[in-house]
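Participant: Now for the letters of each chain:
Protein chains: 2
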Amino acid sequence: MTENNNLTIKELIKVDKELLENVSILIENQDSQSILNLLADLHPADVAEILNHLNLEDATFIFNLLDNETASEVVVHLDDNFRSDILGELNSEKISDIVDELDSDDAVDIMGDLPEEVAEEVLSKIDKEDSEEFKELMKYPEDSAGGIMSSDFVYVHKDSTIKDAIREVRKNAEEFEHIYQVYVIDDAGRLLGFVQLKLLLIKPLKTKVNTIMSEDLIFVSPTADQEEVARIMEKYDLVSLPVVDENRIMLGRITIDDIVDVINEEATEDIQKIAGLSEEQEPNYSVFRISRIRLPWLAMALVLEFFNAILLSSYENIIEQFYIATFFIPIVMAMGGSSGTQAAIVMVRSLSSGEIWFKHSLSRLIKEFGVALLNGLACSVVLLLGVTVFFPGNKVTFEFGIFLSAALLTVMVTATMLGATIPLIFKKFKTDPAIATGPFVTTANDILGLIIYFSLITIYLAGR
Amino acid sequence: MTENNNLTIKELIKVDKELLENVSILIENQDSQSILNLLADLHPADVAEILNHLNLEDATFIFNLLDNETASEVVVHLDDNFRSDILGELNSEKISDIVDELDSDDAVDIMGDLPEEVAEEVLSKIDKEDSEEFKELMKYPEDSAGGIMSSDFVYVHKDSTIKDAIREVRKNAEEFEHIYQVYVIDDAGRLLGFVQLKLLLIKPLKTKVNTIMSEDLIFVSPTADQEEVARIMEKYDLVSLPVVDENRIMLGRITIDDIVDVINEEATEDIQKIAGLSEEQEPNYSVFRISRIRLPWLAMALVLEFFNAILLSSYENIIEQFYIATFFIPIVMAMGGSSGTQAAIVMVRSLSSGEIWFKHSLSRLIKEFGVALLNGLACSVVLLLGVTVFFPGNKVTFEFGIFLSAALLTVMVTATMLGATIPLIFKKFKTDPAIATGPFVTTANDILGLIIYFSLITIYLAGR
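Heads up: the sequence lines are chains Z and D, in that order. The first sequence runs 1 to 464 under the numbering used here. The second sequence runs 1 to 464 under the numbering used here.
Hints were generated in silico from the structure; no laboratory data involved. Be aware that a few hints might be false.
Identical copies go unnamed one by one, so any copy, or any two together, can satisfy a pair.
Stated by the list, open to error - DSSO-like cross-link-like pairs, simulated, lysine-lysine; straight-line CA separation at most 30 angstroms:
1. K235 - K428
2. K203 - K171
3. K235 - K171
4. K94 - K235
5. K163 - K208
6. K235 - K427
7. K94 - K125
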């Protein structure tokens, strides 16, 4: 092997940086041959990374230069939205040539993103057996077990020997990228167990597979949510998970490398919701597109916070006669917001990791109440001290300090309970609980916090 | 196989719910035999889940009932912090029996969590060869490639045949849980390539491994950060990644199931930082422990927001003569906070996925500026309209509306740029950029926002 093949982390990153600039120059000069030479030494994932950093026109130009096999290896590594854009620039002929080279789960993924008429054209152009298989797989929602499973799995009948199993592996070794297990089925095609690949190497050839197969079967139905699938594969440390129908007939299998993508996707989605982003922002997006991703939540926050302006104006008399109250608006808002967000995020994570069952949600809420009370008290005491030290004299009386601290405590407890409860309610009504972590709850807490604060101020002023 | 073995998702979740209650009753009655019978049918990961939901005393009680093999299978699935707590209750004899049964990476993980003197006692009690190996592995930081790698890998010399490779697999098949590849080394022990397990099944026994090995080697050094390792394995769709020293001598290998844990850990950490949590909150934590996790950031936010109270009091004269200005404090704070958080979170995600290189950070910041300008303008126009409609007449003049909108635009642009820049600065100074997504930047933006707002109000009032 030559030294050039020795990729290390450092070199990998360097290659990307330099290449992106070199590629841009070569594209400007329309120097196709040099581009191909330059890309030839790269891993398809690196080629995809370069494309992901180019604009649509340049990326499509390069993509069209690639032969079908390379294109199929590159296409699976492209960013999802950008992949649809690039494929939108190709004719159905080229797409079907690429799809022909793909594993069934990747092929279905890509066709799912195509406009319906293009997908049909593509299907009509590929091998009939493949297209039947793809049509079957395309029935399942994209984020279900059926949507991410591959129908490329090796199986044998329960009466087969190790020798038969090895023959099956040999038959499919080239076409199926990942073979970790050989599945064992009965006469009716029902899944009975599996044999780890390493066992095929160490047991005598005449051994019956059903004497060495593992029967600790964990499987899912094709309608299971991909997040559920990820949780099961993580929990049980599986590299491969069979998908079966209601009669336990095996339909496909999901491999861990696809689940890595799911886990990332889900984590990214959760974080997007916290940030109030309507979709993932990718490096080649224009200013306008990024603006569109962020604006919906900003606009919603603006409208909700406008209520706060109206709310405050309704307390006009209080503010006019006791403007000192306004000094502490930021504290009340920020502390309510922070404690509410903490509770919401922790609750959403617990729900999505399956830690909380509804039976236990009440005891969990009681715990949240205890936490809110403790932290609220701690912050109230600090605030009272702070007010006494920094706002001495007759401007902020000790009596007002007590009211202020009480308001902070009330706001923090209310906000925490709101933050912890809303995800549970969303879950109950089959809405994604993660929405509760976003600006929606924060602004709701702002409004609630100010109402509580000014109500207490009203009481204070009335009693003065 | 009996029907009882057919785990499906639904049944799995049901089992957990019922079991937890049954187990609690059995613990109360100290009915050890029934507990063991009940746990015998469960997957070790499910036993661990039950323990994770119990308090320390009950969990330790059950853990002590398990035989060493089961205990070793359960211990790897326990929540990290809780595992340390449970092991803290055991003597070094029992711990070394458990460690003896573990894969080297898991063993090292667990020993890393033990107090130093306990870890040494454990090491002195296990097999000498193993303890040397563990000591070697324990040198690496827990979150480095060396810290997560396992030394359980199969390798052969480059002049070996397939037959030799199969013999090596056979020798280690029982001890090594995951075997996906056989690594090929030269006379000096340097890594040359690898052979996929399926190839051992389909090629003639006399074939030399160096004629069929894959030379597209991707490897990392033991000091590489685990996040870097995860990124590489994801990007190149690897199930197994070799770790080599500076002479390319193979030290160990990292498997994808460990990386799944890393990805989850990192996503959880990112989200924790956004929420301002000092560590992950686990289901069995007490109210006091949860309070301790959340309080540091709340206290910090309180102190920072207290500056805002002092700041507002310094604008006392303005507020007194023009209290209408205070109506819009919530809008200014919330919009600055939201746009700053959006920018910070997007930047942190881009940095951690390796999308942004420093060379490109300037063009990225220019883009952020464009986005902030667009969204700021959109929100300003809406605010101006809202103020005109809802605050008509002489109370809020159109002129003040213009100043208010200008303040909103300035605050949103400043907050966005602050949110986008701080992660880059943190990264530059080798601090975790994700800290920038937490309450720290939000409160910094609150302060900055109010300063900008009241500065513009001052100008407005001066010109009136």
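Participant: None of the hints should be skipped; say for each whether it holds.
Facilitator: Each hint tested on the structure:
no.: 1; hint: K235 - K428; verdict: within (24 angstroms within a copy, 36 angstroms between copies)
no.: 2; hint: K203 - K171; verdict: both (20 angstroms within a copy, 12 angstroms between copies)
no.: 3; hint: K235 - K171; verdict: between (32 angstroms within a copy, 28 angstroms between copies)
no.: 4; hint: K94 - K235; verdict: between (41 angstroms within a copy, 25 angstroms between copies)
no.: 5; hint: K163 - K208; verdict: both (9 angstroms within a copy, 22 angstroms between copies)
no.: 6; hint: K235 - K427; verdict: within (22 angstroms within a copy, 33 angstroms between copies)
no.: 7; hint: K94 - K125; verdict: within (10 angstroms within a copy, 64 angstroms between copies)
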